[in-house]
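Protein sequence lines correspond, in order, to chains A and B.
Note that the numbering used here has the first sequence beginning at 1, numbered continuously upward.
Note that the numbering used here has the second sequence beginning at 1, numbered continuously upward.
Check before you lean on any hint, since a few could be wrong.
[What the hints assert, rightly or not] List of simulated lysine-lysine pairs, DSS-like, C-alpha gap at most 25 Å: (1) A:K175 x B:K37; (2) B:K175 x A:K426; (3) B:K426 x B:K603.
It should be emphasised that the hints constitute simulated quantities derived from the structure, not laboratory data.
Number of protein chains: 2
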Amino acid sequence: MRNIYVTNTPLQQAKEEWRKALADCGFFNSAPSELIKVDDSLGRLTAEPVVADNSSPSYNAAAMDGIAVHFGDLSGASEASPVILSEDQYQTVNTGNALPDQADAVVMIEDVHTLENGSVELIAPVTPWQHVRTIGEDIVATELILPENHRIRPIDQGALLATGVTEIKVKCAPKALVIPTGTELIQPGETAKPGQIIEFNTRILAGYLNDWGAVAQGSSPIADNPALLQEAIQAAAQTNDLVVINAGASAGTKDFTASVLADIGKVIVHGVAIKPGKPVILALVDNTPVIGLPGYPISAVLTMRIFVKEMINEFLGVETVPAETIEATMSRPIHSSMGVDQFVRVTLGHVGKNLMCTPSGKGAGAVMSMVRADGILTIPSGSEGVGAGEKVSVELLRGVNEIESTLVMIGSHDNIIDLLANQLHKNRPSIRISSAHVGSMGGIMAILRGEAHLAGSHLLDEETGEYNIPFIKRLLKNVSLKLINLCYREQGFIVLPGNPKNISTFKDIAKSGASFINRQGGAGTRLLTDKVLRDEGVDPEEITGYGHEEYTHMAIAAAVSSGSVDTGMGIRAAALALDLEFIPVAEERYDLIIPEEFYSDEKIVNLLKLITTDEHFHKTIVELGGYDLRDCGKVIYEQ
Amino acid sequence: MRNIYVTNTPLQQAKEEWRKALADCGFFNSAPSELIKVDDSLGRLTAEPVVADNSSPSYNAAAMDGIAVHFGDLSGASEASPVILSEDQYQTVNTGNALPDQADAVVMIEDVHTLENGSVELIAPVTPWQHVRTIGEDIVATELILPENHRIRPIDQGALLATGVTEIKVKCAPKALVIPTGTELIQPGETAKPGQIIEFNTRILAGYLNDWGAVAQGSSPIADNPALLQEAIQAAAQTNDLVVINAGASAGTKDFTASVLADIGKVIVHGVAIKPGKPVILALVDNTPVIGLPGYPISAVLTMRIFVKEMINEFLGVETVPAETIEATMSRPIHSSMGVDQFVRVTLGHVGKNLMCTPSGKGAGAVMSMVRADGILTIPSGSEGVGAGEKVSVELLRGVNEIESTLVMIGSHDNIIDLLANQLHKNRPSIRISSAHVGSMGGIMAILRGEAHLAGSHLLDEETGEYNIPFIKRLLKNVSLKLINLCYREQGFIVLPGNPKNISTFKDIAKSGASFINRQGGAGTRLLTDKVLRDEGVDPEEITGYGHEEYTHMAIAAAVSSGSVDTGMGIRAAALALDLEFIPVAEERYDLIIPEEFYSDEKIVNLLKLITTDEHFHKTIVELGGYDLRDCGKVIYEQ
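Isolated chain A (complex conformation) (with noise of 0.2 Å):
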């Protein structure tokens, strides 16, 4: 094994010497030009400035409908003086019209007045010209219509037909390949099995280089082996502007990128001061570009838009857009590492005068996250991080207007949240809810804080035995709010099918040493075990797993199923959502908490008629299981 060295070149110097490499090697002067039909050239840019064949109007043409007449004859027409003119000595026209040779005005057809014999009268002179479309009043033969580097759009088509021309050169658009590498991907639709990964990188670099203004395709996956990446690389090179390998690009034991890179071209940079991304491979191949970007989905986005966006919009002689940013106040602090630029995917939510920014990523392995976010923040490297209220700038990844209108939830997590964020989007387009799962009492907080529109909460009391009620006068004693019903829920043991272990209780649990998952501090779930333990009798130490927390219904159910685990506590609903076995403990009640602040907010008034009165809405619940609507939208307490 080569033994590979990874810089940690800072981001700057990195751009520049790839910029630099890039103009070296003529990539920026390479971008070739093909002749196309007007009428397929919309979203093409000019390869040279384009001049009109013809003159528009190529002829003198009425601009009204009436009659064609020379203004001459009509000198000194008035009521008193009418003048009539003879058959022979006007001509009717519509709009659009050629002037017959000797006219050269137009009169309106209603100021026009037909006699018998077919002569006209007429009580008004006119001036030369009136109401006619000179020959080339839109715009002369030879003069320029388009300059070069223009992008097409349907009124640029009309011009160049409009005056005679029918084809132009365009540029074409640079070719890349993305190469996905390793021995472990499996094409989408197969069965992964464990240890395989479903390639699916491809389609999103491919897709985000398309977005960009380039061509690009993917190549089948590339096993784990230097001399079969070296070959696809170097043919990719002989074909393509533009080649992207995935991954191989850190220092593992299957890592061959950067060697390969090495042995066949000029590595320019190995590795850059970002997170995340910082394994990248920057190179040539015979002067084809080649990046190695990082395996992990996010990683691979955020590193190929630092230093390929740019470089493609150059190819094609077009400026580089600035992405459009927002300025919002951070909910929460980030810490970050001195001389790392790093990129963090965030939510965006205007509650009320502020427009909070949340950091949403998990992991540069977690898709979803980047689907969910709403945009992306940069903390610069000479930056130890930002903190809570601090403003920042964040480039948007979704519209100012879908940002605007974000319903922002955040609590706790039930499995009706998707439903209702969907029929809520569905009934109103504009309507999106941002929903953070961090647990009733993150939700209280977050209430407390202004950062959300509602919160979703399930904390049992267990003093009074009283849900949210208490906790809401301890914590938000200053808040005007009401605390609306959403539903009862059953909670329980989620446990695989046929229930192996016979657990029903948490002395059942204890005494068979079957393993645990269980809720993170402050989840409502949590105070539920803890309550249960304690009624039980059962100390948390005899609990094998009683440290490993997850945040979600879902991921509880996803232990049990996967094996992992022998059991968690959770909704009925995540349980038959992954057709596993569920042991009921209690019942519970999960209310909405809006602050008074946000009644009249159309985005909180549409929420509410939904779950009030949308019977299709209550029947889906209902069909998901262990759900009761008995008290949906019910005001259960006001202050």
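Assemble chain B onto chain A, guided by the hints.
Quick look at chain B alone, frame taken from chain A:
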């Protein structure tokens, strides 16, 4: 002929009646869906919520390169009492590998000390699931990936494929047909005889329909014949979701669209109080929306935008994102009629502190005015117009960025300006020139009002024989500026090849009775014309057509070329461009006036660099003919 009555329905009322008719006929509930491969789904809209088929990751996976261990084996490990694991107690894993059955944590390779016998020594304990991506960490099977009505991005495709979804239901775009009507229409590429019109509107209209989310096609032109039109509309309504007819909406002798629609369907509105676009027809045929648009391209596009764009979105169930607008200051007044919503094409330019807004349109037939427009200004029906200096909100047709980097040139027209604009845009894609041809005096006034970055001028002062400087001293005395030469150029009579009327002086013109075409007042060429007339002692009254004014050299050349007039005064380049003959009269100096406040503006710096140093640019100008660049770039005067 049926008598067609075109109403003057207020815009808001017309929109409401149209929307209600579409809702009543089920148009908004009719979007069909189709099952397609995720690979082909980029940019499509989900027709139903999409949930994960499998969890992702689908197994517990190493999140680091290292060794997989059972966390219990390392309890109590420390530097003082290291733990030794034998080869069967751990397994080497790369990032992404599946954890072996008993393993529940990963130790990073950097923290592993491998002994000679293959055992490893570890000096720290681990927490359960450390450096492990647990099953379902990203998403659990059955959880929502994408809601209904979501437009699919590359990252969404990745999330779908990662969770085993390979096919999804997406909405089908509405099918639209554009039917051009008119016996006078010929196809692009054919040579237009007088009275014939190249049929280009269909490409523009279908292009915008596709941009807005429809799948639009154009049909062959239908002659002006009610029976043929009726047959075409009825056939189109059977197989399309939407039919657009262009034109015949008005009440001319060949305008059959309204009467045909009344015969075979229901006309909802015919005639709306908008300008342009008044005669638009909104109708239903067999419950299919049919829109009759006016014939002029600008009227057709603007009207279709009002009545079709939103309905396509509502058909698909997506929100109509409000058009991007910007606040600007009117550079001159626009009058409008009370009771009519007027839509005005405007150009925008950031000069000094103000974003100036200037009407650009010459008429609804002028396609180039829309090609050049930066935005659309709406003057609502309750207003009589806007005054100079008033703030207005303009709907953008280009990105803000493009507008901000536009160099605004107002003043005299020269063919070099096109070349300059093209070359500057090519060298620096971010820079664009917007040039308005209003004559030299108009340019000086624009500089005075702070509306232009620079002005082109060739004003001859009769008393001193000096160009430009006397006018600057008189009219711009308080403005610090430089006067920089662009070129010397020949002015003269433009005549048909062979000079059939033997014109070489104004005396010749007066004597022969040849027809002349003049430039507008305030144009440098008009001053020259008047001076030469006085020098020759010819009275303007003796010149036929002295009162017929055009605004550019090319318009003069076009009029001569078409035979409309015998001659006019213009520059040699204009004559040569249209293969006409040129009779020289004078050499004149053409200068650029640049106020001091823009000397360091990046756009001006680039322009001056181009005209002073670019040899290719100089060569191209000399090839145009009639130019002398002996002082090009030289500062002629400074104050």
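Here is what the structure says about each hint:
Only pairs whose Cα atoms come within 25 Å are accepted, and K175 of chain A paired with K37 of chain B is accepted, the gap being roughly 23 Å. With a C-alpha separation of about 22 Å, the suggested pair K175 of chain B and K426 of chain A falls inside the 25 Å cut-off, and the hint holds. Of the pairs offered as hints, the one joining K426 of chain B and K603 of chain B holds, with about 13 Å between alpha carbons and a cut-off of 25 Å not exceeded.
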